[in-house]
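Put chain C on the given structure of chain V with help from the hints.
Residue numbers (this note's numbering), protein chains in the order written: chain V, 1 to 709; chain C, 1 to 709.
To be clear, the hints were calculated from the coordinates, so they are not data collected in a lab.
Honestly, I wouldn't trust all of these hints.
Put simply, identical chains are the same to the list, so a pair is met inside one copy or across any two.
[Claimed, not checked] Calculated cross-link-like contacts (lysine to any residue; reagent style SDA-like; alpha-carbon spacing at most 20 angstroms):
| no. | residue 1 | residue 2 |
| --- | --- | --- |
| 1 | K225 | V298 |
| 2 | K505 | D178 |
| 3 | K369 | D58 |
| 4 | K596 | T104 |
| 5 | K51 | T128 |
| 6 | K368 | D708 |
Read off the chains here:
2 protein chains.
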Amino acid sequence: MQWVKVLGGVVGAAALLGLGIIVGHFAIPKGADSPAPSASASQDLDLEILKTVIEQLDANRIRENLRELSKEPHLATSPRDEALVQLLLQRWQDPESGLDSARTTEYEVLLSFPSEEQPNRVDVVNSTGAILFSCRHSEENLTGEQGGPNVVPPYAAYAPPGTPQGPLVYANQGSEEDFKELQNKGVKLQDSIVLTRYGGVGRGAKAVNAAKYGVIGVLVYTDPKDINDGKSLPNETFPHSWCLPPSGVERGSYFEYFGDPLTPYLPAMPSSFRLNSDNASGFPPIPIQPIGFEDAQVLLCQVNVSVHNRLELRNSSNVLGIIRGAVEPDRYVLYGNHRDSWVHGAVDPSTGTAVLLELSRVLGTLLKKGTWRPRRSIVFASWGAEEFGLIGSTEFTEEFFSKLQERAVAYINVDISVFANATLRVQGTPPIQSVVFSAAKQISAPGSSGLSIYDNWIRYYNRSSSVYGLVPSVGTLGAGSDYAPFIHFLGISSMDIAYTYDRSKTSARIYPTYHTAFDTFDYVNKFLDPGFTSHQAVARTAGSVLLRLSDSLFLPLNVSDYSETLRSFLQAAENLRVPLEQHNISLGPLVTAVEKFEGAATSLNQRIATLQKGTSDPLQVRMINDQLMLLERTFLNSQAFPEERYYSHVLWAPRTGSVATFPGLSNAYSQAESTGHEPAAWAEVQRQLSIVVAALEGAAATLRPVADL
Amino acid sequence: MQWVKVLGGVVGAAALLGLGIIVGHFAIPKGADSPAPSASASQDLDLEILKTVIEQLDANRIRENLRELSKEPHLATSPRDEALVQLLLQRWQDPESGLDSARTTEYEVLLSFPSEEQPNRVDVVNSTGAILFSCRHSEENLTGEQGGPNVVPPYAAYAPPGTPQGPLVYANQGSEEDFKELQNKGVKLQDSIVLTRYGGVGRGAKAVNAAKYGVIGVLVYTDPKDINDGKSLPNETFPHSWCLPPSGVERGSYFEYFGDPLTPYLPAMPSSFRLNSDNASGFPPIPIQPIGFEDAQVLLCQVNVSVHNRLELRNSSNVLGIIRGAVEPDRYVLYGNHRDSWVHGAVDPSTGTAVLLELSRVLGTLLKKGTWRPRRSIVFASWGAEEFGLIGSTEFTEEFFSKLQERAVAYINVDISVFANATLRVQGTPPIQSVVFSAAKQISAPGSSGLSIYDNWIRYYNRSSSVYGLVPSVGTLGAGSDYAPFIHFLGISSMDIAYTYDRSKTSARIYPTYHTAFDTFDYVNKFLDPGFTSHQAVARTAGSVLLRLSDSLFLPLNVSDYSETLRSFLQAAENLRVPLEQHNISLGPLVTAVEKFEGAATSLNQRIATLQKGTSDPLQVRMINDQLMLLERTFLNSQAFPEERYYSHVLWAPRTGSVATFPGLSNAYSQAESTGHEPAAWAEVQRQLSIVVAALEGAAATLRPVADL
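Just chain V, with the same shape it has in the complex (with noise of 0.2 angstroms):
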């Protein structure tokens, strides 16, 4: 799971993660070896196969996964990475339990390493420039498994080499308003080292904040109030608890986009145009570097920083697995995790990727016995080089953007499927809310309390629905792992699923080891889920939900479901009303819209109702679907945010406004606020404006009944 920009989702810190894997490409053997069970075009969800897949899903053999995915560290493009690339497609082409196809591609990615030769160093040394004190290169050896030549060190993916010297400054989180708070203090920036501790702001964006005020060099640490709930001594660290140890180090991509940096927009094929790396944007803008709290505590006075990354490029593979759709084999349900880690990975993205194994073997099993077949055709993905700015997954869509963006029904993302073992979470956009729900709904939740996962969920992150009374709250999406290039740059609807924490009982801003060396096997089996049963709840729950999507005769997306989000867009952006009137600016039209908007979801979801209770002819089923299927699309407009590479979806665009309503005219509007209005900012609000109410009104008119135009 990588953590760059995050979107103000509903389940907080939690919506701050993701993980990382590798990119393909596949032609089924037609027919071939796989028998086809006789498709009648209007076979909707057979309950039965999905209580059969459901039981079948087996905590131990996703166990068994685990432990041989986080044998070795498997950095992406390493060895072992190659490696587990092998184990996949074995698995998908296994005789017994595979799929009808699977294949690799590569793409040629500019990732960023540290020197072998010259490891980073953060040393503090005196006024003639004798070291004091030096920061550890690595990870204290504590099981054994934190040493050895696959271990990278500690380093910020894509920070620039150098070797900058200063006096140290705190500055907090790094954020905008930390280095403006110690501006006016009068603490001198310029041509300082700033310490900054992980959280509050982007990884990267720690460095692009720093360089505006003069800082030379940055350094990163994770504080044991933030992590560990305030613990932070070695005996009650792992391995006696979950809780960092003092020499752990977070590790991370501080690249501020995703994809590979070289070929924005286009497939990183070895031909493919490349910017050369000095062209490249968004790398940090100086030296940068993680370091353990250990080392936090002592470091003072005059710090020398030599950072000695090097960018590379190297083949990243991709591995997709197919299941041919029997009835509209052109109709994608994708399922897909990152398959690189940092090191060992057990939790980041194992724990994804050991469900995924499970799901795909269930499921090839029943393939392979002829007792089953899908409606629709099932894409398996295992990305690489996720860690690095989801660059699998990116690249991915970016070579079949027409493909999918034609064909593509949902991405379902399951990257870190266990941060703990309290409930589900879900993040996604509002159509997957009812199949969600409803798969919830038909499991046991782990644990003796006889709940569902549903009623489970729902004790602990609900919200007031005023449609639905009291219901699990779902999240919003941001770019923390794989699902975003599906759902920004293609508008497929997407989801992530997982089971995490209580946070009554922690505020620990993720699983304490994220992205060190101490995220192992052993950490995973004896700290965060010992019966892995909250492995198997997510992959009972992520199974059924893609049954669903596969298998049902109408697509389980209820668009109706935006209406709640455009809803409380609106009444955001009705706080507003006054100040837009005096520049204006009416919300008139975004009001008729979003009503026009509900009107039409109302009444298509009325006709498929009325449609359910007759018999069903495949081509309606078909029109119908395709309106269901299509309506994610209809928010993307490439003309919205020409500076957001990627970022076309008008309603979940990165928000940096205060107001929480619609991300352009949010962001628009407290820029014009903030410029002394000026009329070109007024300007701004009002073309947001016109393009959400656009992107409103076409995609009402998608949603009427198709001979209207």
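Relative to chain V, chain C alone:
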């Protein structure tokens, strides 16, 4: 027909024309009055119905349509334009011969008109400013139809107001080369007025080019050599022949882009964000005024040009009429033409609208009788304000972007339906070639030759196809009429159909009275097509194409016909191989991509042929048809041409480079050559090449069997 950027059509000068109308929005009364013949999902095109339609298309009714349509001037948004909106509505709502539904929608768009109070003037003055000679303010009233308040005086729409005065310089066609040559000859251009003739470059380009040399005003006249095969005397021109009289002046839009100038990419709803007209781009930078050749020949010395054009927001209507599809109502075959004219507009656009009304009458009658209903929906459209820049059609594509992108099968444009009586002329993208050929082979050409339209056509315009041998040549689509937003912005396979000249008999740039007050009913009835048999031929051809697209089980779009285009572009690119390799740019990936496309298209055609032999599963047919329908979409790339408003089709964007290859590659190559080999310019060549490769690879991917990924 509008005459803007024209992009190297095969058909030469005839490719330079187009027509204009207004935009609507419909709801079909569900089933209501129209008896739906029991529709079979596997019903193919009914050849008897096709024969009936062709037989019933009546030349005399087309004549009477034209008489009514061209009775009075109907400039965009004028009262007569609005009266024609009502006429179209009445026809399409007729209980005996109407469609399922018809309605209008309005857009508020920025048009440009001459001032009624202060006529634009062109005067020859002496050194004291005294007027020695004045150009006519209007055309001579030769037939009683050239006078009256509704005849808009000649003007250059969107030319800025101003009263420049200076020495007159003749600047040929006002091309970049023309001005360079004048400068090289030492002619002083600074502060001059230039006299240019129509042709060579677009209207607005003459002012843009002139302004770069300090020119302060531009006159444009129609040269008898270009338009009248040299004839210029009153007794050899209209009303004595089809030639342009000495006082005739070509009006036109001088806007460089298309669509409403204030709302690019947004529908021009009253509430939409509008640019301030000072910030709008694409208007001529200096005053410009068109004049007749009668005046042009006497101009000399010092000239004063007074332009008093005003910009005005006006409501412009489209009219849409719909026939609901019986089996796949969510697939739209669009057929349109503009309605607005500069004056009476008998040829431009009423010859097209007269055909449109006859075709909709024949189909409407069959529909109301219960004899027929198409498989797919048919949308007839009468666009507004085309003459000002394809405004009605462009706003329509902006308003219904998502819906059209998802569902439009093809767009058929019949603007000027008859330029002359010699032969059919078709412009379009390759997938429409086969359906046009099928239609043209089946219909007799007008006259006594006994040939089919196809066999007659091949005598005038032909090419040697590597696949088919000698075939009629289909021209390419520029931006001369309302097909432009459909093909360039939305990627919908489009075509423009007309009857045109025998080029051995005239070299007229276009029919001589184009955009003048002499373009009247009598002109058509006497000179252009006295028997209206060419009109009928176009009606039959376009009607057959429409019916084949709406009723065929498998869409008659032959995607394989793109291969010849790709091969020809590739062959042209091969000429650049050596210089490209000198800059480390390889054509290898392009060659591979073209080969992949060819292979995938050929295989798809084989699959279709196999399926056509058996009984057809409706869903299987639908899946194939989706591949065919959406192929054109796969060539769009919104990142490819950031400077070119609306242009996103990587095969048909404007080509300014001299090499007849992919436009992005050609343009970037010419730029790199001319900039003295700057690295950034060669990087852009590589980028454009990668964009084409990615598009072709993506296109091939969508043509492969749908379960291949």
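*Which earlier hints turn out false for this structure, listed by number in ascending order?*
Violated hints (numbers, rising): 2 and 5; every other hint is consistent with the structure.
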